[in-house]
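*Asks:* Let the hints inform the model, and build the full structure from the sequences given.
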Amino acid sequence: MFTINLYFIFILINVLNASFPDANNKSVSYKNENILRVVNGVPAKLGDVPYQLAFKKSMRRSRIYVTFCGGSIIGPTKLLSAAHCFATDQNACMKMCGSAARKDSLSRTYAVAGNLQNHGYRSLIDSEQHGQWRALKNVVFPLTYRFPKDDIAILWTETPFVYNSYVNSIPIARKKLDYKGECLVSGFGRISSKETSDKLNLANLQLIPARRCNFVHMKNMRRFVCTSSAVTDVERGDSGGPLVCTGTGDPNEGNKGVQVGIVSGHREGAGSFFTRVSSFYPYIERNKCTKQLDIRLCLLIVSINTNILIFSFSFIIRVGILADPVKLFKYIDSL
Numbered sequence: 001m002f003t004i005n006l007y008f009i010f011i012l013i014n015v016l017n018a019s020f021p022d023a024n025n026k027s028v029s030y031k032n033e034n035i036l037r038v039v040n041g042v043p044a045k046l047g048d049v050p051y052q053l054a055f056k057k058s059m060r061r062s063r064i065y066v067t068f069c070g071g072s073i074i075g076p077t078k079l080l081s082a083a084h085c086f087a088t089d090q091n092a093c094m095k096m097c098g099s100a101a102r103k104d105s106l107s108r109t110y111a112v113a114g115n116l117q118n119h120g121y122r123s124l125i126d127s128e129q130h131g132q133w134r135a136l137k138n139v140v141f142p143l144t145y146r147f148p149k150d151d152i153a154i155l156w157t158e159t160p161f162v163y164n165s166y167v168n169s170i171p172i173a174r175k176k177l178d179y180k181g182e183c184l185v186s187g188f189g190r191i192s193s194k195e196t197s198d199k200l201n202l203a204n205l206q207l208i209p210a211r212r213c214n215f216v217h218m219k220n221m222r223r224f225v226c227t228s229s230a231v232t233d234v235e236r237g238d239s240g241g242p243l244v245c246t247g248t249g250d251p252n253e254g255n256k257g258v259q260v261g262i263v264s265g266h267r268e269g270a271g272s273f274f275t276r277v278s279s280f281y282p283y284i285e286r287n288k289c290t291k292q293l294d295i296r297l298c299l300l301i302v303s304i305n306t307n308i309l310i311f312s313f314s315f316i317i318r319v320g321i322l323a324d325p326v327k328l329f330k331y332i333d334s335l
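If you read the sequence shown in UniProt numbering, its first letter stands for residue 1, the second for the next number, and so on.
Read the hints as simulated data drawn from the structure, not as lab findings. None of these values were measured; they are calculated from a predicted model. Backbone N, C-alpha and C fix where the C-beta goes; we use that ideal spot for every residue, glycine too. Be careful, since some hints might not be right.
Stated by the list, open to error - Pair ranges (Cβ atoms, derived):
hint, residue 1, residue 2, range
1, M59, G249, 43 to 51 Å
2, S62, L177, 42 to 50 Å
3, G249, T144, 28 to 36 Å
4, G269, S123, 25 to 33 Å
5, R212, P251, 20 to 28 Å
6, G75, L177, 19 to 27 Å
7, T144, I64, 33 to 41 Å
*Replies:* Here's what the structure looks like:
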């Protein structure tokens with residue numbers, strides 16, 4: 001009976017999701033490139049961006065690990081990235097019980113800092129040559145996420161990073177500001193639509209004022225930071241990476257600047273857009289727990305909800321109000 005109930009609720013959730021499209025969905029088309037890489041940048045040196053992370057996953061039937069997304073260190077075990085890097089396999093349990101990603105989605109996936117290479121073999125020890133490799137413990141993202149809306153993920157590592165000249169954290173923006181000038185983006189891999197780099201690249205991107213950002217994207221972009229693609233840009237592979245500005249006036253800004261954005265996506269003819277970190281500052285600070293959601297608790301919640309739903313339908317059919325709209329609405333109002 002328990003299995004049947006679970007099966008029933010999973011089908012119901014999928015039907016409801018299909019029946020009620022996102023109210024914020026516009027006719028504007030966005031590309032979720034999974035993801036962007038720095039174009040027309042310059043090769044980075046160790047220590048240039050000590051907060052930069054490469055999320056690497058092993059290739060099938062190989063011991064070689066390849067970067068699939070970027071990220072940043074904001075605490076010894078706490079990281080930032082984009083939700084679309086980790087939210088590609090949401091199931092019904094995740095949708096009902098919270099926004100934690102499945103544990104098995106993090107298997108053979110590592111956060112790597114202090115390493116400039118796009119791909120390579122996993123190192124079991126910390127070194128200047130190979131950097132620091134950390135297994136991921138958990139990842140969460142907003143329950144309201146639907147690309148590009150709320151495209152932010154918080155991750156935790158099993159063991160802390162050891163800070164040094166090549167590995168360190170970056171403060172995150174707290175105050176919402178209309179940033180001006182140029183800001184630094186960093187990422188691995190492709191440096192043009194056809195050419196791929198083996199190393200981390202840096203580029204200064206020209207910011208677009210908030211009002212113009214709304215205009216070129218034809219929607220309210222208050223939760224994004226926008227950049228121009230005229231000279232430099234991000235391309236496939238850099239999603240989740242940090243956009244860091246200096247001289248912002250943000251109270252959290254440090255010697256290396258402050259992270260104001262997370263690489264999210266690109267719209268042809270309008271430029272790239274970054275999730276605005278300051279819009280999620282309370283969410284980032286609130287998420288301090290590092291324990292994975294207990295799957296048994298999740299299944300219990302689903303089971304309880306399923307039984308309540310089945311009981312309600314049984315009661316409706318039993319009292320014969322399903323065919324009487326007046327009685328049905330009265331019953332719904334009484335719940």
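*Asks:* Determine for every hint whether it applies to the structure shown.
*Replies:* Verification of the hints:
For the hinted restraint 43 to 51 Å between M59 and G249, the CB-CB distance of approximately 44 Å keeps it satisfied. For the hinted restraint 42 to 50 Å between S62 and L177, the CB-CB distance of approximately 45 Å keeps it satisfied. Between G249 and T144 the beta carbon distance is about 29 Å. The supplied range of 28 to 36 Å therefore holds. At about 42 Å, the beta-carbon gap between G269 and S123 misses the expected band of 25 to 33 Å.
Hint check: R212 to P251, Cβ distance near 26 Å, so the stated range 20 to 28 Å holds. Between G75 and L177 the beta carbon distance is about 23 Å. The supplied range of 19 to 27 Å therefore holds. Range check, T144 to I64: about 36 Å between beta-carbon atoms, so the 33 to 41 Å window is met.
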